[in-house]
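Peer 1: Could you slot chains X, B and C onto chain V? The hints should help.
So the protein lines, in turn, are chains V, X, B and C. My numbering applies: residue 15 is where the first sequence begins, and numbers increase by one. My numbering applies: residue 15 is where the second sequence begins, and numbers increase by one. My numbering applies: residue 14 is where the third sequence begins, and numbers increase by one. My numbering applies: residue 14 is where the fourth sequence begins, and numbers increase by one.
Take the hints with a grain of salt, since some may be wrong.
When the alpha-carbon atoms are kept at most 25 Å apart in a straight line, the in silico SDA-like pairs for lysine to any residue are as follows [what the hints assert, rightly or not]:
1) C:Lys251 with V:Ser267
2) C:Lys386 with V:Gly288
3) X:Lys57 with C:Arg132
4) X:Lys127 with C:Gln125
5) C:Lys68 with C:His99
6) C:Lys220 with C:Leu74
7) V:Lys57 with V:Asp44
8) V:Lys127 with C:Val194
9) X:Lys257 with B:Arg248
10) X:Lys158 with B:Asp359
11) C:Lys220 with V:Ser267
12) C:Lys68 with V:Pro255
13) B:Lys105 with B:Ala69
14) X:Lys242 with X:Ala282
15) C:Lys386 with V:Thr292
16) V:Lys127 with V:Gln72
17) B:Lys124 with X:Pro254
18) C:Lys27 with C:Gln125
19) V:Lys257 with C:Glu308
20) B:Lys27 with B:Asp155
21) V:Lys57 with B:Gly187
Source of the hints: derived by calculation from the structure; they are not laboratory data.
Now for the letters of each chain:
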Amino acid sequence: MAILVDTDTRLVVSGVTGREGTFHSLRNRDYGTQVVAGVTPAKGGQDVDGIPVFDTFQAAVSETGANTAMIFVPPRFAADSILEAENAGIALIIAITEGIPAHDELRVYNHLKRGGSRLIGPNCPGILSPGKANVGIIPAQFFKEGNVGLVSRSGTLTYQIGNELAQGGFGNSSIVGIGGDPVPGSSFIDVIELFEADPETELIVMCGEIGGSAEEEAAEFIATSVSKPVVAYIAGFTAPPGKTMGHAGAIVSGTQGTAAAKAEALEAKGVRVGRNPTQVAEIAVEILGARV
Amino acid sequence: MAILVDTDTRLVVSGVTGREGTFHSLRNRDYGTQVVAGVTPAKGGQDVDGIPVFDTFQAAVSETGANTAMIFVPPRFAADSILEAENAGIALIIAITEGIPAHDELRVYNHLKRGGSRLIGPNCPGILSPGKANVGIIPAQFFKEGNVGLVSRSGTLTYQIGNELAQGGFGNSSIVGIGGDPVPGSSFIDVIELFEADPETELIVMCGEIGGSAEEEAAEFIATSVSKPVVAYIAGFTAPPGKTMGHAGAIVSGTQGTAAAKAEALEAKGVRVGRNPTQVAEIAVEILGARV
Amino acid sequence: MDLLEYQGKQLFSKHGVPVPDGRHAATVSEAVEAAEELGYPVVIKAQVQIGGRGKAGGIKLASDRAEAEQHAQAILGMDIRGFTVHEVWVEKASEIDEEYYAAIVFDRSAKQPMAMLSRMGGMDVEAVAETDPEAMRMLHVDPLLGFQEFHGRRLAFEAGIAADVIRPVGAMLGQLYDVFVAEDATLVEVNPLLITNAREVVALDAKVTIDDNALYRHADVAALRDASGEDPQERMAKERGLTYVKLDGNVGILGNGAGLVMSTLDVVAQAGGRPANFLDAGGGSKAEAITSAVEVIISDEKVSAVLFNIFGGITRCDEVARGLIEAFRSIEPDVPFVVRLDGTNDVEGRALLAEANLPNVHTEATMLGAAEKVVELAR
Amino acid sequence: MDLLEYQGKQLFSKHGVPVPDGRHAATVSEAVEAAEELGYPVVIKAQVQIGGRGKAGGIKLASDRAEAEQHAQAILGMDIRGFTVHEVWVEKASEIDEEYYAAIVFDRSAKQPMAMLSRMGGMDVEAVAETDPEAMRMLHVDPLLGFQEFHGRRLAFEAGIAADVIRPVGAMLGQLYDVFVAEDATLVEVNPLLITNAREVVALDAKVTIDDNALYRHADVAALRDASGEDPQERMAKERGLTYVKLDGNVGILGNGAGLVMSTLDVVAQAGGRPANFLDAGGGSKAEAITSAVEVIISDEKVSAVLFNIFGGITRCDEVARGLIEAFRSIEPDVPFVVRLDGTNDVEGRALLAEANLPNVHTEATMLGAAEKVVELAR
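Okay, chain V solo, but in the shape it has when bound (with noise of 0.2 Å):
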């Protein structure tokens, strides 16, 4: 088993004509991944290596039967895709742009969580279940199956553990990019509370960093409802306050959204909270090898 995108995901990508959307379609296509239509509005009726285009996500999904969608449009039009989506029935949309004006991100969520469906990111990497399918930018190549549930605000970071944990003999059920925006359709909770649920998962490394309250949150959710072990990081320690680290939701306000205060949380519920990415990695192997 995985989490959010398996054999069944039947993916429809917006920007799917866009250089990087065509790029990393085919990627995830050669990964295994069901890429079964793309959105470019005026450009229905094209295909793209084979992939069928649709002017609407409607169409899409009625020719095709897309369960998930990919969002690769630039920010300004990501919003609009996004509920466009959704209102076509789309169950999972995975937006990958980053730049979302925060008050688009705000409508959005707000509306997604009155019903229908559920968002990962923006600004995420997207999902990778390894040997199942490959949803977004992740570069699968470092992964293997596994039982450890990997979900992190951060890409590159979330490579970096991930891959150290491949060398110490361990794959992963599935790695969840949530994203490093200031309202992420998805928090840490929504995706513990999968990977706690699903049978192959065994530990989960949250990757954390500075910038909002969820990393607090989560420590509260692994407290009273997570059986597994959960391992976790943070990055933004020497972080100045008052300064966006490159992700918009990666911002110490005040005394608000320390790095401090979050791996302090996450070690007054019992979480185990490595110092470095390569800690993480040796305590996740740690707690594996003892369940082996």
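Peer 2: Then chains X, B and C, alone, in the frame of chain V:
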């Protein structure tokens, strides 16, 4: 038993200090309803014949444990008052106010349907559960406890039918006015579903009128989900198209919303439809007589 | 409140919906002046709240001053299906390449606004809907989220309109939605939505209905209300704050509560009569309101008998009786009345009537009996 | 993007939030002219993006022309906690009766806007929040429903503000919410929200932050961006489209991916070093971007060693190596570099570096090893 309002109802009245608000609040209290609070901004700390008045719903709820709100403010303040009641955690909101703009009702309806509160009305006479509680302007003297559930878009017409039932020896579990506006907070279906689940109710009388398609939708619902006998009445066979017949929602638009189409839809689903209020009462008495 | 075409177009302009340049005129000389200002050819369009203006000769193309004068003369004052033309809209003529249909309607069933688009415009949409239902595309809009670009885009693609106007037509749907929400409209309809030879997108007609309950926040629209088309009884009733609808029969009807009055109309019709009006005296009606209502009802000369059907709840039957007695004192009606009083203080009400012994007033115990009686008297 | 007080007040005016009349001035003569136009007394306020202006002498009351000139002279050009004052806001002095606090903040945790109101304004709100937490009232607003009158009313009553200003203060909260949404703000703060002796409600200060990602739809605000306060390296990086944050250490840092770069900073600090910057070369970095980034990093004279920490995913390590080699060719850096390349094409990248044999470039196999090495070299 009864539906929606009963001896557990703890009523807060918005607009309690107005002339009509005071009159009906005291009338409801005289009937035995627990009228625990009123809300009128800037009149917090006063009282209306012993009913404490608060500036906000929040204060009324936290001080008195109110769980039901009656809205008695003028139309331009009504939507805001309903939303305030919902925000304060009131589970059931009964809006008597007539003349609320349709777009306000649309916003309120679409907001409330996401969660929290149930709205009855607006532009309705309220709810009477004979012998238990009266919330609104229904003249309680004509009704007694019994096993007929009455739901209606119209006030006086309901009293007429209820009165004839009472003369036939039968009483009511509850009488629910859903109101004559184009966007009622609760539909026939919502209320019929409650009557279906209410052990005391043995017969359901629904009183519809021209405009919209709520009666047709109710017919579908009755056919699939209601085991109890239903008797219906539809007013407005002689209404010309394009004219608003008193209630903002009572209008035949082109060929949509005619009384004939509604009666036909109900009869097609096996619901007996009386030709006039008297006949409705006669059919009801006949059915109840057979069940005794 | 239904707006005239030009009033709707003025709202359109306010919200950025492109419309042809035009001028309002109430006289022939104003119309000619408008035409001269706009430059020929112009279209002179009768402004009345009824469809079928074109077929009735209410829309004419004028290529020069002489034609403008001639057409304005012909149209102003003409009768179109019972409506007298008091004003015209003089508009720069548009070159028509394609005609679409667009609308935002208030979908009561879904309790959401619904946007509609068809490439089959310029004709009777209900006919199109019957012959080619797929041609009319519809999409609901969540009123809390509002109209999104994808709504317009999806409708435009699904309606199969020309590729080069997908964007501007989608954008116009968004602007029509803005009109719908900002102006508290319950209907915004454009038929035809014009694609000109230059491939510009223009609203060539405008049908807008504004929610009467929201007029308090639209002073500009409320000020437009023009009673000239209204029936004299309806105007009189409105001035008195009564809920009255004129019908074409001879049995005057008064009741309390909209549902009961509608039901009374039906029962009178079932008894073989023809209702002359709908009049809801409302909850808690006081004697003066009843007197006032009687005046309105009998001012309709077709009325040959009047039915009072009261079920007293908040309304007290004795108040109703007092109102009726006062009406007889002040205006001495010369038609028979049938009165059915039931509910709160019915005994007192009936006693008052008996005591007053009004000429030609008959009391009945039931609604059905009262209906039969009044139909008999109205013959 | 943080706006200066006067820029925020201009947005306030646009949305109907009452502010005192004022003028912008960049010279003493402009300031005096502004004061003369407004009429005395006026307040001359330094416009810098830092708190504590008043204590630093950056806000002065002037009762006549001489004082206006004297204060403008003193304030323009002064240094407030590292910020040079280049402009002032000259404002009609207000008579202060009461001072409240109002704000709309972007609550990331609740994922909703949050409106705030306190009757304890004109002081440090965080101090108030600690000493009297009940004094600060907060209420979330559903962004799809928007700010409703009850939000303002409830906050006003709960904050216990004076009865006569409940309505206007509630209304101002609604207008501040309009600013928040319409201008894509992530913070709108008014401290103090002034109640004048005449009991008028006025925003006496304005602190507004606009979402950088939304500047494309706010051309007027985007045009305000004044780089004068920015660090030279940050300006240089922005021009090159790089994500760079200046810090105060001596270890220059480049990595790919914001999380990895933050982590690299932490690891360098843990090894006893002090990072000089945050620089995310981004996903799929091409050679030119790397070259450009090296220029920015070493233009900071404090930098005495540079760490490249690359985990190649989409980014290819050979491209990074090529960029570094090109940087050495074009700008000949005189500080040591430590390079850790891992992931996609790491073998090729390391081979390229070995072949180029750049002076003073050290490769390390792990992130931790690289951090230790660069800290050693930076000493």
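Peer 1: Hint check: Lys57 of chain V vs Asp44 of chain V, CA-CA at most 25 Å. Holds or violated?
Peer 2: 23 Å, holds
Peer 1: Tell me if the straight-line CA distance from Lys158 of chain X to Asp359 of chain B falls inside 25 Å.
Peer 2: Holds. Lys158 of chain X to Asp359 of chain B sits at ~19 Å (cutoff 25 Å).
Peer 1: For the pair supplied as a hint, Lys386 of chain C and Thr292 of chain V, is the alpha-carbon distance within the 25 Å limit?
Peer 2: OK: Lys386 of chain C and Thr292 of chain V at ~17 Å, within 25 Å.
Peer 1: Lys127 of chain X and Gln125 of chain C were given as a pair; does the straight-line alpha-carbon distance stay at or below 25 Å?
Peer 2: The given pair, whose Cα atoms are some 19 Å apart, holds under the 25 Å limit.
Peer 1: For Lys124 of chain B and Pro254 of chain X, compute the direct alpha-carbon distance and say whether it is at most 25 Å.
Peer 2: 24 Å, holds
Peer 1: Run the distance test for Lys27 of chain C versus Gln125 of chain C: straight-line Cα separation, threshold 25 Å.
Peer 2: With Cα atoms ~24 Å apart, Lys27 of chain C and Gln125 of chain C stay inside 25 Å; holds.
Peer 1: Would the hint linking Lys57 of chain V and Gly187 of chain B be met if the CA-CA limit is 25 Å?
Peer 2: Within the cut-off at roughly 22 Å; holds.
Peer 1: Given the hint that Lys220 of chain C pairs with Leu74 of chain C, does the C-alpha gap stay at or below 25 Å?
Peer 2: The hint holds at about 21 Å.
Peer 1: Verify the proposed pairing of Lys127 of chain V with Val194 of chain C, using a straight-line Cα cut of 25 Å.
Peer 2: Distance of about 20 Å is within 25 Å: holds.
Peer 1: Regarding the pair Lys105 of chain B and Ala69 of chain B, is the alpha-carbon distance no greater than 25 Å?
Peer 2: 21 Å, holds
Peer 1: Given the hinted pair Lys257 of chain X and Arg248 of chain B, is their alpha-carbon gap at most 25 Å?
Peer 2: 15 Å, holds
Peer 1: Is the Cα-Cα distance between Lys242 of chain X and Ala282 of chain X 25 Å or less?
Peer 2: Cα-Cα ~17 Å, so holds.
Of the hints listed earlier, there is not a single one the structure fails to meet.
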